[in-house]
Amino acid sequence: MRKDNLINFLYILPILAVTILLFVLPVIYSVYISFTNLSLLHFLKYSFVGLQNYIIIFKYGYFTQLLENTLIWTLGSLVTMMGLGFALALILNQQDLKGKTIFYAILILPWAFPGFISLLVWQGLWVDPYGMMNRLILPMLHLPHVNSLTSTTDAWIELIVTNDWLSFPYFMTVFYSALQSIPRELYDIAELDGAGTFTKFFRITLPSLKRTIAFVFISSFVFTWNNFYPIFVLTGGGPGISTETFIVYAYQEAFDYSNFSLAAAWSVISTLFTVILGIIVIKYTHILESFT
Amino acid sequence: MKFLRRNKKLKGISGTVIAIIVVIIIIIAAIGIYFAMTSHHPSAPTTSTTSTSTTTTMFTTPPNTSNPQVLMQLVGLSSPPSTPVTITVWDSYSSSENQAFNQTLAQFEQEFPWIHVEVTYGVGVGTSQFETAAKAHQAPIVYRDTSDSGGALFAAGLVLNLSQYLPPSVFKLYLPTAIQDWTLNGSVYGLPDNINYIVMFYNKHFVPYPPNTTAQLIQIAEEVNKTYHIWGIAYGASDEYGYRFAAWFAGFGGQIFTTQNGQIVPALNSTAMVNALQFWYNLTYVYHINYLAPSTGASGAEGQLFIANKTAIIFDGPWDLDAYLQALGPNLGAAPLPIVSQTGLRAAPFIGSTGWMISTPQASGATPLQIKAALIFILFVTNYQSDLRLWEVAHDIPANVQAYNTAITQLKEGKLQPAYLNQIMEGILEQAQYGQKFPNIPQMAYYWNSFHEYASEFFAGKINAEQASQGMEQAFVQALVQNGLLSVVLPPPPIFLISYALSMLLVPAVIVSEIKIRKW
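Line by line, the protein sequences give chains A and B. When we follow this note's numbering, the leftmost residue of the first sequence carries the number 396, and every step to the right adds one. When we follow this note's numbering, the leftmost residue of the second sequence carries the number 809, and every step to the right adds one.
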């Protein structure tokens, strides 16, 4: 029995080692330096300063504003991305849709481009009034121009729309796969019972996808919360700090101000939020049950 | 039964997890408070003192750094060492500058076959990459960056104090303006290879003569707008971090720092800042003659509009000259920034400098012999021939006195080709008379973001000029306090203490409930 346990342990040893090296140790190091004064002026010789960095964050930092921004960014992106992905998956799942493969191939095109390059292209598309969005697409849709330099709302629109474009293929693919796994017979029986489209959707489709939605929501919530590049490339957190999130601000503290300890403290706070929110979501969606 | 088991299991999981998190938070808080009570307050910044003098020969007159023997003597070597030495170099030159640098490098390796140079090309200026490498004790031995970034690295103890390695006569080889940019608290921490600043580039097709005052600037821009239906000016005041805006701030009578009770403190909250911000706001939103470009430089929106003949005037540095020369040819003009009509003062850009530094052994792990080789290298790449080559190939303004004088002579004699380049370079060099010293004190590192945050909010219409001025000063002060560069005591915020006290009270409750759940 003991020998079996040892062998079992050896199986998980590689993943354990990778997790410890790439996740646990950096987290411990971050927590450690968040209690020091490691910065440009205390680079080679730094010391413990206790809670000073956390005090600075709550006293002088933009804690409330950054929390609000991070929530707008995460929920704004997540709701629209999931909605768009789900809607497209439902369309693709129609049995009588012709050219399904071609549509699917076209729709996953955003995945074919490296994310960073796509962001640089989008940066050019949003330039007001010369970029294609403001010169062609928005006027065509009778929508007003979007200029992230002159309006916070515009900056959020720019960020969320771009993020939606970058991410919807993932959601579409996951939901499409899940939809295909629902037995066809359920719909046939429901039709025999006289169920309409909405009844089938709310009684069969949605309940069958509950766990998929929960899984996608949790994983994407954490990913979007920590998604750095769109904000950094498109608005740089501006105007002012109107679109700064915890992670972008932590990056700027570290690499613009060279204040590594304060950046670590911001990161610790951000991580605590994701952990707590993750636990709440796990508790209410019962997602872990599907893995046990 | 199954339902009951599931609920029990879930309650168990959530209770355990919550208890673990709360306990972790308490432990962290307790450790933090313990160290807060026992730790020392952040010490005042000190500059690097790491050095051992290697100078053995006294030079009272500026030495000839083009002579290999003289270079060897300067670092205390009488003959080449028996074993070869490798030095690592991070090069931040542009592609045109690299053409000149590669020729210099080839010559260097010929003159000093015992020094092998490993160059990493295309390193961006700024301190972050260097710091990351230095943290791992793998910084390059030789590094090229701007004087202000260098000042921050020197204050951090990551680059050598060259004053302790080279005789003072060496520093006389460089323009006083340039060497001042590389001096902090009387110590020289780098050798300059150019001086740089912004000028006004204009398209002669639209602008008949360069404006000498801001009143003329507005008049010309309005005329251009009306006649050619293009932007008079493209200046992304909202996008920038205060490098170019500093010129206008000075033109309105402002200065970034002042001294109070012996402490260097920010001076952004002033009428000058309000007026300077309002001036550019009016040009953008009232007169509609300035395009608030989202990106700067030749490859940004400003430069692209200028290249495409869609704006008549931009403010940029000679580092982007090649792009504009290729696009506009003889239509390109360069002149100093105008006098601010409201104050009678000229807009004065930062006169900065780029140059070479040597990492401390703590940052790079360099041996004493590698340090000597690095000293020879930076003296060689900033000597007369190397600097003149940068001027001739890439139009960098030389920091080496002799190279600078040769450049001026070439200009006076109209020797630059194509011929219209002479007039452009004259305009660029004229700007040097109206600049301001680029602050290289470590406090400067915290100016950029403070300015950017509130200037961008102002140009987005979220706040007025007065609020922007106050806000950027406050943010600047806070950044200095947070980094130990201003002595202000930080009292703990009530919310933090309350949350700590609450968590202390909650722990027993959570543990008790956890025990109850487990029993159930």
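There's no promise every hint is true.
Reference excerpt, derived from the structure (chain B facing chain A, CB under 7 Å, subset only) [stated by the list, open to error]: (1) M880; (2) Q972; (3) P975; (4) P976; (5) N1257; (6) E1265; (7) N1291.
It is worth saying that the hints were derived from the structure and are not from the lab. The C-beta atom is built at its ideal place from N, Cα and C for all residues, glycine as well.
Hint by hint, where does the structure go against what was stated? Just the numbers, ascending. 1, 2, 3, 4
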